[in-house]
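S.K.: Chain residues, written in single-letter form:
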Amino acid sequence: MNISHLRKNLNLEEVGQGMYQLIQRLYPICRSITGNGVRETLDIIKEYIPLEVHEVPTGTKVFDWSVPKEWNIRDAYVKDSNGARIIDFKKSNLHVVNYSTPVKKTMSIEDLKAHIHTLPEYPDWIPYRTTYYKEDWGFCLSYNQFLALKDKEYEVCIDSTLEDGHLTYGECFLHGEKEDEFLISCHICHPSLCNDNLSGIALATYLGKYLHKLSLGYSYRFLFIPGTIGSITWLALNEKRALRIKHGLVVACVGDSGKTTYKKCRQGNAEIDDAVIRVLKESGVDHEIIDFFPYGYDERQYCSPGFNLPVGSLMRTPNGRYSEYHTSADNLDFVRPEFITDSFSKYLAVLDIIENNKKYINQNPKCEPQLGKRGLYEQSGGQSGNVVSQLALLWVLNLSDGEYSLLDVSNRSGEKFDSIKLAADRLLECGLLKEAEKEFPA
Amino acid sequence: MNISHLRKNLNLEEVGQGMYQLIQRLYPICRSITGNGVRETLDIIKEYIPLEVHEVPTGTKVFDWSVPKEWNIRDAYVKDSNGARIIDFKKSNLHVVNYSTPVKKTMSIEDLKAHIHTLPEYPDWIPYRTTYYKEDWGFCLSYNQFLALKDKEYEVCIDSTLEDGHLTYGECFLHGEKEDEFLISCHICHPSLCNDNLSGIALATYLGKYLHKLSLGYSYRFLFIPGTIGSITWLALNEKRALRIKHGLVVACVGDSGKTTYKKCRQGNAEIDDAVIRVLKESGVDHEIIDFFPYGYDERQYCSPGFNLPVGSLMRTPNGRYSEYHTSADNLDFVRPEFITDSFSKYLAVLDIIENNKKYINQNPKCEPQLGKRGLYEQSGGQSGNVVSQLALLWVLNLSDGEYSLLDVSNRSGEKFDSIKLAADRLLECGLLKEAEKEFPA
Amino acid sequence: MNISHLRKNLNLEEVGQGMYQLIQRLYPICRSITGNGVRETLDIIKEYIPLEVHEVPTGTKVFDWSVPKEWNIRDAYVKDSNGARIIDFKKSNLHVVNYSTPVKKTMSIEDLKAHIHTLPEYPDWIPYRTTYYKEDWGFCLSYNQFLALKDKEYEVCIDSTLEDGHLTYGECFLHGEKEDEFLISCHICHPSLCNDNLSGIALATYLGKYLHKLSLGYSYRFLFIPGTIGSITWLALNEKRALRIKHGLVVACVGDSGKTTYKKCRQGNAEIDDAVIRVLKESGVDHEIIDFFPYGYDERQYCSPGFNLPVGSLMRTPNGRYSEYHTSADNLDFVRPEFITDSFSKYLAVLDIIENNKKYINQNPKCEPQLGKRGLYEQSGGQSGNVVSQLALLWVLNLSDGEYSLLDVSNRSGEKFDSIKLAADRLLECGLLKEAEKEFPA
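Residue numbers (the numbering used here), protein chains in the order written: chain Z, 50 to 491; chain P, 50 to 491; chain V, 50 to 491.
I should point out that these hints are in silico values taken from the structure, not numbers from a laboratory. Note that the structure is a prediction, hence the values are computed from the model and not measured. It cannot be assumed that every hint is accurate.
A pair counts as met if it fits within one copy or between any two copies, since identical chains are not told apart.
Result set (DMTMM-like, lysine to aspartate or glutamate): computed pairs, CA atoms no more than 20 Å apart in a straight line [unchecked claim]: (1) Lys154 <-> Asp391; (2) Lys483 <-> Asp113; (3) Lys153 <-> Glu220; (4) Lys199 <-> Asp173.
Isolated chain Z (complex conformation) (with noise of 0.2 Å):
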């Protein structure tokens, strides 16, 4: 079975329901760029694909950077002067700035203040705040938490510790006919938000989970990493085996109600923005197409000028766009089954061209051949479905001098790639094409 079939029987609404349920399942951990929340969320996606666990040791050069020392916590809270905890990590991890280092001690409302972060405009979210790379310590509240605050001190307590250790990170590779790769990388670093990312995981696991049983022409790759260090790591790691990365996509914040939303590699006009795009519009539905720019997920690295590489991203509602975006509310309502699987079946759809987007030569290239004597005309025309199929053949076959691929066919005709699929396998089986010589890397 390769794609193609797989898309014609598959249940989508079960995926659905699979990706949701694996959502609620990575919620409540808490996730860091390093620490026992990657290693236990990689241990999940274990049960679903195969996958190998890296763990790459603090201080390991990678480029400009080293890896960082490994975050761990097991609890954090303030009290009041009663002793409650009105401030709980237990309660929800936001709670905690990611990469706090130790505190434990009685101070004053004011000394508290100068480590709270609060998001007034939206006075019942608690933000997402991160401190990777400068050694500090904080807590995010909801503004109506914060409003609250009325004692003169409070215990404060982080039970963290920043030491030593490993950055963790998960791969599967799933061995195609070719050596030449499809990447499908997604940030694992986020504690309880779910568009960004529990979404992008969910998609691309069962991506996974699904093209683990099928043929594939391509070779997968599928990267569960921390954001930008993670990526680094691996580029640094694999420079070579970069080089095998043929078309790529990075999944992040794929189920929200947004309408989906395509950023181009920073190439521009590589086969994957081809397909990507002619999916989208083929969809029928309104969507974006944006142009690559230096900033957002690990597209940022893969698109870096020393690789630049043709890795794209697709998403529904990019980073930053919407207000729930790093805050509490990023949560298992924001994200729904219908389209996170909306996003599943067209990331289906653009591996189906990608893994079907040869060259062929026309046998017959002077003049059009006879369709009739091999029953590929309709004599007398007539259905509307029939006229399309028949134009799609001619289509192929004037175009199939070895410099258009299918997608350009589909591009340039403006008939659906499957439909030129179709026309295109029975001109095959009747010997009117044959697939263009293959170029082989240097």
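For this one, chain Z is given, so just place chains P and V on it according to the hints.
M.R.: What follows is chains P and V alone, placed relative to chain Z:
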């Protein structure tokens, strides 16, 4: 005399009357892709232009195809129980499905109906149907005729023959200064249908009639061929010669009242494309430019990937886009002299551009030459006519660096081609321009 | 001090007053394409900038042209029967057709009228007319003056000379680090007309005055020349040197209230085009970009095909597009200090871009460098100023692959050039960028 002179001196109304009378003469003949109707048609065209008539035997291999059996028909009818010819080939040759095999028997209304084609949405019109590559027979009726069939049995007769013979086509070649050719191709296989394509036949014939007397830069080849199998046959028998075709137009549907439409060749940016687009732009009248697609008329064959010739199609309303298409309503009323005349003059304008579209080298390329001392400077400006011509002179001088043809100068400047041509002529006269060295094909 | 520093420290109001005062001084002088008016004008400019004055003898061959005879005029008038000067050169030098041959006689009103030019549609304005290349004479009057001519005879006097002499032009050359040149060219041949082109003369003079004191990357050449014949003369005498011109602007009509207009050079995509377009875009104010056409001012000569220099023209309202053009209404009221100041600052902004538009190589091209450890990372974001600068840093790093100049980075990113420049400077300081090897002309 050259084309430019012809355009100035031609009595277009006379030309229009002549073309329309030719359509009237050819209208009654029952043509098909082979047979005596084609021969009769070519005999009439021969009265206007020097025409070589070719006969290609049935069974001749032409690329993926074989020349089919020759079809001829003398009579056909359906008689009711009173012996009255209620369907009569003599009233309209559209009544018989083109290429019908012979029939002579009495049959039930049910059996007959299985062979009848109608157009319920246009109850007075007879459809046009063919069965070239599947041996079959049938009748085409207006829907009202069909409703009137009340008898139980009918006498059915098609007095046709389908036997080894020839495919017949006509060719008119006019020698020009160069071996490079301009192809004018029209299909001659349709019976009593006026716009499609007696209009094309008449326009091509009259182009030939007038060009015949001119001194020509390019050589011109006119093909009067059955659609599809005719162009395939010509290309198969003239594979090498086809490479001399530097520009070409397929003439079809040029007599209706619709706006002019140009379908680009497969290359999409050939000189013929630029020339036609400029003529349509300068016409100041609504028109449409459409991209190539591998459907329509014989441009499908000329633009197949193994030839990829620069052959577009200059029409009015394209095939399939008007209700009268392939029905008895495509008659002598549907085509009007003023419309075919307008098409004719656009063809001439295109040819005029192509004939004159040379590249020149400014002989005084450093700074502007002094136009005044050559009588080319309108000292005190004034009438807008002069100012335009002044600008045209300056544009031709500025862009005549061997890269820009006059058509390119016209396109970049926005000045009309004739104005640019006039400027170039005046600059040539006074030695400020020289023709760029011609490139010869290897 | 370089141009960037100058732009920050300049008192633009002072500059504007200075330019306007220069215009006021030059306004009364009767200039032409040759003669003492030009010399007097250059003498005044010499007070501001180092200027070499060239005298080219009448009859010198310059490409297709010859330097014309020198024209000078002392007085001119028309006296009525009472001996009153009803037309008086001393009141406006526009009253005499520029380059008029001497006249001294009494003539009938009819004979006089054959030599009179008026503007009936603007009855109070005097038109400006010339007769450089046809020996003739004439007077220009307001239409109201013309209507008041009631006498039968008039005494007509033009006390001019047209004799062998010289063509005079001024040249100011400022040495920069490179031999490559930036050309600033303005025409100095118009008499009492302010926008066309005392505004250009004043702007060019003040540019020279300020650049003179700066350390410059490019060498700057300022030409103060009579229109057409002046640029042709300079190009003919400096054919080889002209090849060093890498960017250039023709300065004309820069003092009126109209929107800024940029006319691209013939190449159409030169660096000067990109730079000006960016400045206009960043101005946030309505402006117009027009394609090159071979008419206008001396860009016609610089952009002739034998030179094809990257010389555009940055104006406000172009010649011929305002009613006051070439009339006495193009006076000291039509030009205002604030508009010429605005033009001046746009010229400076363009020069600033061109001076700084280098290509760099990211020294850490694989993944992003860690900005934090270099103090370039705004840990907690915040003010939009910082965020922009962060993005500018990332864009410069991402695109500094030797292909993109800073202007290209600005164009692709949409970030302002100054922001990109600042980012590049900071990255250079910390060693993350290195200038790409400069290409030397062969």
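S.K.: All hints are to be evaluated individually against the structure, with a verdict given for each.
M.R.: Consistency of the hints with the structure:
1. With identical chains, the CA atoms of lysine 154 and aspartate 391 are never at most 20 Å apart, being 49 Å at best within one copy and 62 Å at best between copies.
2. With identical chains, the CA atoms of lysine 483 and aspartate 113 are at most 20 Å apart between copies only, with a shortest distance of 17 Å across copies and 48 Å within one.
3. Taking the shortest Cα distances, lysine 153 and glutamate 220 never come within 20 Å of each other, neither inside one copy (38 Å) nor across copies (77 Å).
4. In this assembly of identical chains, the alpha carbons of lysine 199 and aspartate 173 lie at most 20 Å apart only when taken from the same copy (18 Å versus 82 Å across copies).
Hint check: violations occur at hints 1 and 3; the rest are consistent with the structure.
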